[in-house]
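Between the sequences and the hints, there should be enough to build the whole structure, so can you do that?
Chains as they are written, first to last, in our numbering: chain A, 705 to 1259; chain B, 2 to 422; chain C, 93 to 470; chain D, -15 to 125.
Fair warning: there could be bad hints in the mix.
[Stated by the list, open to error] Calculated pairs, EDC-like style, for lysine to aspartate or glutamate (alpha carbon to alpha carbon, straight line, at most 20 Å):
hint, chain 1, residue 1, chain 2, residue 2
1, A, 1185, D, 85
2, B, 276, C, 344
3, A, 754, B, 356
4, D, 13, A, 722
5, B, 336, A, 1060
6, B, 257, A, 1060
7, B, 300, C, 469
8, D, 121, C, 461
9, B, 70, A, 789
These are computed hints drawn from the structure, not numbers from a lab.
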Amino acid sequence: MEEKIGVYVCECGPNIADNVDIDRVMKTISSLPDVDVVERHKLLCSENGKKFLKESIQKHGLTRIVVAACSPKQHEVTFMKVCEEAGINPYFFQLTNIREQCAWIITDKELATERAIRYIRAALRRIPFHKALVKKEIETNPDVLVIGGGIAGMEASLLLASGDRKIHLVEKTDVLGGKVKELDKLLPRMESSLDIISQRIQEVKQSEDIKLYTNSEVEEVLGFLGNFVVKVKTGENKELELRVGAIVVATGFSMLNLKQLPRYGYGQYDNVYTALEFERMNIDGKILRKDGKPPKSIGIIHCVGREERGYCSGVCCMYCLKFANYIKSKLPDANVTEFYQDLSIPGKARQKFYEDTKAKGVNFIRSNEVEVMDKVIKYKTEEGEEKTSSVDMVILAPAIEPSGDTAKLAEMLRISQGDGGFFQEEHPKLAPVSTSMEGIFIAGCSQGPKNIPESIVQAQAVAGRILSSLIPGKKLEPEIKTSEISEALCIGCQTCLEVCTYGAIYFDEMKRVSVVNEVLCRGCGNCVGSCPSGAASVKHSTTTQLHQEVVEALR
Amino acid sequence: MDNRNILVIGAGVAGINASLSLADSGRKVYLVEQTSYTGGTVIKFEKVFSNLECATCMVAPKQQELLTKENIELFTITEVLKVEGSLGNFVVKVKKRARYVDLKACIGCSACFEPCPVSVKNEFEEGLSERKAIYIPCPGALPNVPAIDTENCVRFNGKDCKLCEEACMFEAIDFEQKDEEIELKVGAIVVATGFSSLDPKEIPKYGYRKFSDVYSALEFERMFASNGPTTGEIKLRNGESPKSVAIVHCVGREEKGYCSTICCMNSLKFVHYLKEKLPDVKISEFCSDLCIPGKSYEKFYEQTKTMGVDIIRFDDIAVKEEEKGMSVKYKIDDKGGSLPVDMVILSPALEPRKDASKLAKILGISQDEHGFFAEKHSEIASVETSREGIFIVGCAQDPKDIQDSVAQSEAAVGKILSLGG
Amino acid sequence: MKGAILNVTENIAKTIINFLEKGLDKKCFDAVLIPIKVPAGDSFAWVLVQNKSLLKDANPLPPVMPVQGAKALSSITKMGKTNRKIAAIMRPCEVRAAVELSKLEQVNLENIFLISIDCPGVLPLKDYLGRPKEAMDKFNKILHSAQNDIQWGNESTRPACQVCDKFIGTDIGFCQSNLHIGILGTEDKIIFLIPNNESGKSILNEMDIEAEKSVDNWEKKAKEIIEVRKKKRKEVQERLKSEVMGIDNLLDTFSKCINCHNCRSACPICYCRQCYFESEIMKLPSDDYLMRADSKGALRFLPDTLLFHLGRMTHMSLSCVGCGACEDACPMSIDVSQIFNFVADNSQELFNYVPGKSVEESLPLKTYEEDELHKVEI
Amino acid sequence: MKDEFAPKIVGFLCNWCTYAAADLAGTSKLKMPPSLAVIRVMCSSRVDPVLVMRAFLRGADGVLVAGCHPGDCHYEKGNYYARRRFALLKSVIETLGLDSERLQLSWIGASEGYRFQQVVTEFTDKIKKLGQNPMQKKTSL
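Take a look at the structure:
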């Protein structure tokens, strides 16, 4: 059945009409063989403009629509809705821009009219190759897998758990609480971390919507957003298969191994402790040297491993100040010196904590080169002078690193590692807790070094992203204009698979062809640009459609 | 939670993100914005650190999605008057000031600008260029619909002028529009009102507004903006390009008593701006501490250093005028120095909005000693307030970068949706 | 560089075949992929030999390359790895093409034992087919002039072979075979067996051949010839620049092209199931051709000949190993391989990529650097 | 002015950045030569080299591929791949002695209306100097 094509030219008040000779456009386009209806209107995007368009489509029984007006970025959606209401598939429609890219930028009215006609003819060449596209919906499983039972993992689990959404919390060790439970007091009000953490752990254990698997690890992850199948090896060495809709990675961090940095004397001299060891000491109550006596002069060294790791971990300055407060409260007349490179104390409350600590008689020395010898710290001042400070205890603040199994997990989840080896967020500014693999989220220090409040905010943010996208009972509506790969043409070279940013293409081992996962595909067309044989194509932006526009441009 | 609708105050990057997520989950969102445009402070930036991404490319798609999302109702030039009730049943009264341009009819063709006789300093452009009484803040602003500034419009000051109305072919301009008070019933409120910058004029030693070529960070940002007053050209008041520039960090830190988190990174970004337009300009960056935490920020600092900038530490600093240009006098420990420069860029502290205390009273939430809204618990509940159902996100709660503001906005969504209903 | 030295019995080919037979006996590999003269005697074909006795009239270094070795290996392993070990003895360009195809999932190198051999080049198929006997003598003369003749095989072999600077199957030829057989400068008395990696060494151990002898003088001679070839390659490319490059020269050069696309069928790197230039995308309504004829005045048919060649060059120039199979296949004797080689050199130089050098090195278009190629940006 | 050579340039503009910049140039009424025929693609990585080659051999006086600045890509990495493909295409054309000056890759951000005007104007001038694409008249092409 021959397509019935209608062309609607919008005057946009004076904006197009002033610089494009609409009459000449109407005359030229009407003379074209394959056009059935050519109409004009003062303002198609207005209410009566849309009514006029809808009625005209229905009256003439049109099947393809070309509208020549403003930018598709502004009104493509508007006119597609009108087509839908008029009873034709919204993708049998092309909006060509004769305002921002024609009437408004070309001075000579003759030339602007010529360009407008060319753009309309380009749309007319292209529209016969348009195919009807229908909104897709896919079933989703609302349950969520949370990897890591630290402060971030627990917070996300508690917010996500509800009657119609089960949470599977997998923890590698046998206890919840992660690194926070290894801390004595929490900033800034020096509350005991036990009070805060144990209450959280209770809530997790008591919630019947959270299934806790301790001493367990994720072995394999298959599937995609809404339909993940995860194999978990549990403590009793059983293999479990969990079906979930989203995965939250909250695997925390590990501290730089200080043995790698001999100049700090860790493991060589007595009384040189890491931050966590010092926290342990405070949890146990007393600050004592190896020989059981309280120390008289303590050196706290910031930025240990900052140069090697190439980033500032951001949290050490504050907890080193906290240590000074531990010491001053337990050993008021002990001498405390902090060696730092830069004081990272951002935000409204942190500088005050620094000034209060300094007021307690803690001395601060800025030095980029610090070395720990037996009972003495050698350092170079900014002017390059070598100085020493005798101490009988040293506390080291090591850099924060990705946790041990980050690389393995990244590969299993097909997400990438970014700066510092931490998991790479989808967008550093607007999507800090999601990844390029839709349905897989990251929270806390697994995404980068951060303090407790920021980890908790990120966990709550992951809950926000999942609660607003993976809704029990509601189907997911993925992108419609996705790419597709013709099974007949594909030879399985997997070039497309490797260039796809979103892991939206997988390889069918049986048929030895690449296949697009339409739930993950966002329609960028990178695979099509990389495919030599033209087997891959993007719906609504096929090579033939684009070539028709080229043909008209060069007529 | 009985009422599922949500009120979001402030259409900056945090407010937009919260509104979109809440709308995605099916909630009805009322987004109230004080100015006539969305995008808040972020759209004033040309690029954002640390990957120097173009701010408009990043935010414009979100602004467009906001304008076309069904269950988001945007109220521009609107402020909150009264808030009553509690979690699940808030009744909010807002005052929607007249825009005098019909949002539906106007198609943003800007035909009405040219005839307007009035020309005043454009606040969006930090006063670097002028705008008419009927104006949009900058090309590409969304919604792309002008507003009439009744303070400066001659019609609203006695003269019977209708020039803009006559220029409009769509009868979009309606002088009879009235301010209206609207009552909104919502279940929760997200406060994303952002920050304002300390006015460096308050600290005389920087010579701001005294010497000609001392600029604030936002002024320099607009000077560099490709859609801004100079379309990106970096020029002194006398039209020449600067040969040497000093960028001063921590402006107002001592007076305020806190570090504003983002000025170091923002100032390092300016080195890239300067080198892009003026490859052999001499740049010195004056800072007391370098606050560049996190996995990516130090890498940006190291990369910036390779472009040729000398980092000078200081305890105290002042800007002096010389016969030609200016000089920066600085002191560190007991040593000091003075550096002649043509241009000085100041990174002022971030402080709460001027109307923060008024809004705090209306919302019934408290403020901290600096005037930022006070969070319920700084460690484990930093997006909640003492009043249940009212959440604070972004720089309104504490100076932070875009990533943390967006994370907090998403966290508020998480808390709201987890309350069920 | 270390390797083993075998004394030649009768001739080089015989010695290599004995080595392969010994390999089969010792179960180092279960079959051998090797060219064998066809019964009609005027060509060679790849044969997968399992019965040792049939190896006797095989020829590891045939005078012609009717089928590029990588194509044979691809058809064996395209659907997945073999579970039995196969030793394939091929020219360095065939080994490199096979490695390149493995990165495109068209060859699976697991259980494949690649043996390369110094390659003097091959005769054009046309010369051989007409008079196989005389051509064979000419080829043997080239082969045996391997003693010290710096101009080793560079007049009667194919144009592509005369300018080939990667005819050695070791790292100096950017090749990653498991084992390389050196015959240069050995005056037919000995051959060198040079293992390129662990699997090469282990096979030699299994066959208790000790590979600790120095092969430095062989390597020195090879490098000399490589330099000669490099110089000749530059000269040919200069000539091409003036004679073939530019729109008019190109149109004249390809005006004789009959669109048979043989060059594509013979090419080991062109692996598509259906070529883009024969797919639906290129089939346009008749008014398109009328429109083009209208704007140009006239339009030649079959159309888009140059588009096919230029388009194919964008598809394969990064992986082209310069084996010259395309030129052998061209019925109209268009010197396609020299043009494609010239384009390939420049494309590969862009990403300093050598096709088939290593399995780990990713194909340039499958990856990217964040900070690169600023000269193409405006 | 009528018979002066009016170049025909095909422009593949990425929807998120350069097409937005073109719209912004429009709303700011920035005048530019009418030589560019804009074709909107979702990402510069959608443009495969043969699509550009077909336009070039069919007689396009110039072909412009334009997208987001590296690092700004809406799909994170698309423009990195597009840059490599474009570099390969340009190398093939250059080696064959066809004037690769007619192919241009530019990064134009959404707020760079002026830069879009400048790129279109300068590219048009460059093509005017190069003259008509000889391919247009070659009958055997």
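Restraint check for residue 300 of chain B with residue 469 of chain C, where alpha carbons must lie at most 20 Å apart: 25 Å, violated
Between residue 754 of chain A and residue 356 of chain B, is the straight-line Cα distance small enough, at 20 Å or below? Violated. Residue 754 of chain A to residue 356 of chain B sits at ~43 Å, over the 20 Å cutoff.
For the pair supplied as a hint, residue 276 of chain B and residue 344 of chain C, is the alpha-carbon distance within the 20 Å limit? 50 Å, violated
Quick one, are residue 257 of chain B and residue 1060 of chain A close enough, alpha carbons at most 20 Å? Roughly 16 Å between the alpha carbons, so the hint for residue 257 of chain B and residue 1060 of chain A holds.
Restraint status (C-alpha distance of residue 336 of chain B to residue 1060 of chain A at most 20 Å): 27 Å, violated
Regarding the pair residue 70 of chain B and residue 789 of chain A, is the alpha-carbon distance no greater than 20 Å? Given that 20 Å is the threshold and the Cα spacing comes to 18 Å, the pair holds.
Does the structure keep residue 121 of chain D and residue 461 of chain C at a Cα separation of 20 Å or less? Between residue 121 of chain D and residue 461 of chain C the Cα gap is close to 40 Å, so the pair fails against 20 Å, i.e. violated.
Quick one, are residue 13 of chain D and residue 722 of chain A close enough, alpha carbons at most 20 Å? 13 Å, holds
For the pair supplied as a hint, residue 1185 of chain A and residue 85 of chain D, is the alpha-carbon distance within the 20 Å limit? Roughly 34 Å between the alpha carbons, so the hint for residue 1185 of chain A and residue 85 of chain D is violated.
Consistency with the previously given hints fails for numbers 1, 2, 3, 5, 7, 8, ordered from lowest to highest.
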